[in-house]
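Novice: Chains as they are written, first to last, in this note's numbering: chain A, 1 to 535; chain B, 536 to 1022.
Hints are not guaranteed to be accurate.
Claimed, not checked - List time: in silico DSBU-like cross-link candidates among lysine-lysine, alpha-carbon distance up to 35 Å:
id: 1; chain 1: A; residue 1: Lys177; chain 2: A; residue 2: Lys28
id: 2; chain 1: B; residue 1: Lys965; chain 2: A; residue 2: Lys169
id: 3; chain 1: B; residue 1: Lys682; chain 2: B; residue 2: Lys965
id: 4; chain 1: B; residue 1: Lys965; chain 2: A; residue 2: Lys28
id: 5; chain 1: A; residue 1: Lys169; chain 2: A; residue 2: Lys516
id: 6; chain 1: B; residue 1: Lys682; chain 2: A; residue 2: Lys31
id: 7; chain 1: A; residue 1: Lys516; chain 2: A; residue 2: Lys527
id: 8; chain 1: A; residue 1: Lys199; chain 2: A; residue 2: Lys398
id: 9; chain 1: A; residue 1: Lys498; chain 2: B; residue 2: Lys965
id: 10; chain 1: A; residue 1: Lys31; chain 2: A; residue 2: Lys516
id: 11; chain 1: A; residue 1: Lys79; chain 2: A; residue 2: Lys527
id: 12; chain 1: A; residue 1: Lys169; chain 2: A; residue 2: Lys28
id: 13; chain 1: A; residue 1: Lys28; chain 2: A; residue 2: Lys516
id: 14; chain 1: B; residue 1: Lys965; chain 2: A; residue 2: Lys177
id: 15; chain 1: A; residue 1: Lys498; chain 2: A; residue 2: Lys398
Said to hold, decoys possible - Some chain A residues judged to face chain B by a derived CB distance under 8 Å, without partners named:
id: 16; residue: Trp80
id: 17; residue: Glu82
id: 18; residue: Ser83
id: 19; residue: Phe149
id: 20; residue: Phe156
id: 21; residue: Phe160
id: 22; residue: Val163
id: 23; residue: Leu183
id: 24; residue: Val191
id: 25; residue: Phe198
id: 26; residue: Asp328
id: 27; residue: Val458
Hints were generated in silico from the structure; no laboratory data involved. Using N, Cα and C, we set each Cβ at its ideal position, and we do this for glycine too.
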Amino acid sequence: MVITFSGVLTGILLVPVLGAVVILLLPKEQKDAARIIAAVTTGVALLLALGVFFGYDVNAANAAAEQGEVYFAFEDHVKWIESVGISWHLGVDGIAAPMVLLTALAGFTGVLISWGIEDRTREFMAFFLLLVAGVFGVFMAVDLFVLFFFYELAIFPMYFLIVIWGWAKTREYAAMKLTLYILVGSVVALVGLLVLYFKAGAATGTGDYSFDFRALHAAAQAGVFDQPFADWTGVSTARLWFPAIFIGFGVLAGVWPFHNWSPDGHVAAPTAVSMIHAGVLMKLGAFAALRVGVQLLPDGARAHLPWIIFLTLINVVYGALIAMRQRDFKYVIGFSSVSHMGLVSMGFATMNVTGMTGAGLQMFSHGVMTALFFACVGMVYDRAHTRDIPSLGGFVQKLPLVAVAFIVGGFVSMGMPGLSGFVAEFPIFVGLWHGPVTEPVATWPTDSFNYYGAIAIVAALGIIITAAYVLRVVGQVFFGEFDEERFPAVSRITVYDKIALGILIFWLVLLGVYPKVMAPMIESGVKPIVSMLGG
Amino acid sequence: MTILAVALLALDVVWPDARKRDLGYVAGVGLLAVIGVMLVLAPPPGEVSDQLLLGGMIRHDQLAQIFRAMVILGGALSCLVTMGVPRLQHRGDFYAVLIVAVVGASLMSAAADLIMAFIALEMTSITLYLLVGYLRGDVRSSEAGLKYFLFGAFTSALTLYGLSLLYGFTGETNIYRLGGVLGRSDLPDGAVAVSLALVAVGFAFKISAVPFHFWTPDVYEGAPTPITTLLSTASKAGSVALLMRFFLAVFPPAGLLGALEGVKDYSALWVQLVAVLSVVSMTLGNVLALVQTNIKRLLAYSTIAHAGYILIGVAAISTDKSAEGAAAVTFYMFMYVLTNALAFGVVILFANATGSEQIADFAGLSRRSPWLALAMTLALLSLAGIPPAAGFVGKFLLFRAAVDANMVWLALVGIINVIIGLYYYLIVVKVMYMERGPEDGRPVRVDTPYVWALGIAAAGVLLFGTIMVSPLVDWATEAARALYILL
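Work the whole structure out from these sequences, hints included.
Specialist: Right under this line is the structure:
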């Protein structure tokens, strides 16, 4: 039954679930108890996640990669539904470990930021914990059924949280749109996943069907997916199904043109949910696209990423331009997320070590940064009751810490050196400039013209536009004249808010001045992928 | 079970009025006990020849076992949820006839003979006509009963004709021998196709597949809700079992009949037919459900859509004996029985509390009864196919079977329908949770039988979707393999 079990990852997953169950059993008057339990469980998860992060052995990972093995740390492997080839298999590789930490950070700070929720506190905390648990599950999954299970599991708490506690004006529309969009993307990817499962299982010849990543990866290395998909087409499985899987999961990553759910979803959601949403949920999509798409179908990646990169470019530039036009504070951040997630997808599409490492760093950096942004927006909105940028102004006088936090976040989003944004974006651009490890399999004749460099230049425009809208928002919201009549009583932020902001700023600064804490880890996860691509 | 039914009638006469409500307990618990007895004391024999009982009328194999368990469970849960309905709770004859309907459905699960198939079909149908129209004073109930009767009588006449054609062509009534003779006979394709189509009419009627679904919304809405529960659980489960067994036995794929020469493979006929029915049912059911305002009608259209999903699994019954399609169908039906019992049970409670079956009147119920709202949400998530409810695993298995049988297009259609379905299920959830009702704070009354019934159902839906998936999948696979053992 049990193959290996270290318990840590299952623990990180179960603690929020248990917390949610306990909270639901409380009587509804006991709001403080609900909050405390939520904080304690996410705190425990955070400590365990820190343990996983700092306990990850980069050298072991690199050694395993040299041997061509797939390396996962802290594995939990228990048989679940044997007859179908599904097992409870959790593990983290170099890319997943920072993501687990990110989720834990966003979860813990989210609970702190939500301390003030009074309406049905119990249900809010319970659903929030379930959402966090679902997201943990995706990052930790080594069995792809488990990945898909938790991917879907995150959907319904999201719907609840937005529709009940969200912004009254658009919450129903946004929640339904978000849910349906994500579901569409995920089920398209499901069909692709099933195709891989059957092809791999059939190729074993022993009827050994399995959803386990190692089994599918072995099949990929053996070239199973490079065979023609069916009798009626000569196109290989990898090339035929890669777009479905990558873009199916990419919907959640906000890949243009399927990004539409994201800004509305961000804005309609309550603050903590926006933090998880933009900070973590969108990374799920990129992560799953990488894990199931690029890692298992490298030939498909080689064939399709060269044109998918244009979609990501549109994300970066278009997202930034739209952000500049927004009047609503939160919509600016929402579109900024679309833009920065474009950089993540772009980094993965570079298909070399530097670019992909940058993408992994960007996932973490942007995750923390956007959580910080939404926290700040939430604090301003709770006090000003408006998000209209022209009406706001001078909030640095009343909320100095929030202003500082927002400015830090702004610098990160601009890629200012000294903060994590630079550490993340610079490698992506370097990677773009160098181009893919292997000549892109041309879907149109591009004999010697490596257009990746041109993409780098255009994408760099995105930075300029980002700087423009960030500085504009900072200037208009935090500096300038403060309207005393309109905002008579702006309360100070609570100690919980301060702790949350502090934690988030700490990680942005740490990664900025000491990237070595994370970059080698991500690199160790990326190298095996690139060697399969370059192979 | 017959003894139980008779005992109920006797008790109905003997017990004073005040105690009569407890008849529900007798019925419900009695049925659950029957399941226990069946599983422990009467496992199916290993040898195929020992499995045919009653002169070859029924076949007592694992498939019959699991479907009987489902059917009786559906019946038990329906009895328990009757106990809160004012005009039905103390009627002993109601419980007795309900049990007879359950007997009919369980005979359907095991029927191995044309005559038994028809008897079982009729036994279930006629008792259900009665039960649907039970509330004579209620216009909707009488109308529903009459509609169901007329529709059912018509389709069963067509089915009987189809069955008699099959007998006429082959001279056999045992479906396994019939299949063998039919495969080796030299009949024109048209004749076989016609008899297949006629028999299919009856099956499509019982499982509410398009185009024989017209009775479903009106009957589900008009019938007393416990009977709606029974219809959507026990009756449907029995029919699905009979459908699978019948098609595989009478029109088997050539690979299963042994390597004899000249064995004609008629399976393509029904596989294509089932696939088409599946697509149409799913799409029509889901699309029409989008505009419903009455919860029972919405669940009725959802039933039609689910008939479509189930037929995906039937169409994907592969010929390589890996039994994935049939196993998926079996698993799905089991979780469907539990899910529907849960959903309709909550509907009964809410209807008693608000006096209405309109979805809009469910507003604010999450504030009045958070646990009931959560139970309903779990049921709706299961119907939609979202984890952690068992419906997710069920749908996953169905799509997996479809992809394996090289019917990827069918899986894609199914997936599109899942998305449409999610929309209207979420709307109900949204109404319960988001909107405020007129009587916030006053809890909905939940009597003990409901705690049991909904508790069992909810536990099942949650457990079979997470921790206990494996035992059920294994049982379903074993049952499905039994389908492939032909004589």
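Novice: Hint by hint, note whether the structure agrees.
Specialist: Consistency of the hints with the structure:
{"no.": "1", "hint": "A/Lys177 x A/Lys28", "verdict": "holds, 30 Å"}
{"no.": "2", "hint": "B/Lys965 x A/Lys169", "verdict": "holds, 15 Å"}
{"no.": "3", "hint": "B/Lys682 x B/Lys965", "verdict": "holds, 33 Å"}
{"no.": "4", "hint": "B/Lys965 x A/Lys28", "verdict": "holds, 20 Å"}
{"no.": "5", "hint": "A/Lys169 x A/Lys516", "verdict": "violated, 44 Å"}
{"no.": "6", "hint": "B/Lys682 x A/Lys31", "verdict": "violated, 52 Å"}
{"no.": "7", "hint": "A/Lys516 x A/Lys527", "verdict": "holds, 16 Å"}
{"no.": "8", "hint": "A/Lys199 x A/Lys398", "verdict": "violated, 61 Å"}
{"no.": "9", "hint": "A/Lys498 x B/Lys965", "verdict": "holds, 34 Å"}
{"no.": "10", "hint": "A/Lys31 x A/Lys516", "verdict": "violated, 41 Å"}
{"no.": "11", "hint": "A/Lys79 x A/Lys527", "verdict": "holds, 30 Å"}
{"no.": "12", "hint": "A/Lys169 x A/Lys28", "verdict": "holds, 27 Å"}
{"no.": "13", "hint": "A/Lys28 x A/Lys516", "verdict": "violated, 46 Å"}
{"no.": "14", "hint": "B/Lys965 x A/Lys177", "verdict": "holds, 14 Å"}
{"no.": "15", "hint": "A/Lys498 x A/Lys398", "verdict": "holds, 14 Å"}
{"no.": "16", "hint": "Trp80", "verdict": "holds, 6 Å"}
{"no.": "17", "hint": "Glu82", "verdict": "holds, 7 Å"}
{"no.": "18", "hint": "Ser83", "verdict": "holds, 6 Å"}
{"no.": "19", "hint": "Phe149", "verdict": "holds, 5 Å"}
{"no.": "20", "hint": "Phe156", "verdict": "holds, 5 Å"}
{"no.": "21", "hint": "Phe160", "verdict": "holds, 7 Å"}
{"no.": "22", "hint": "Val163", "verdict": "holds, 5 Å"}
{"no.": "23", "hint": "Leu183", "verdict": "holds, 5 Å"}
{"no.": "24", "hint": "Val191", "verdict": "holds, 6 Å"}
{"no.": "25", "hint": "Phe198", "verdict": "holds, 6 Å"}
{"no.": "26", "hint": "Asp328", "verdict": "violated, 22 Å"}
{"no.": "27", "hint": "Val458", "verdict": "violated, 35 Å"}
Comparing the model with each numbered hint stated earlier shows that hints 5, 6, 8, 10, 13, 26, 27 do not hold.
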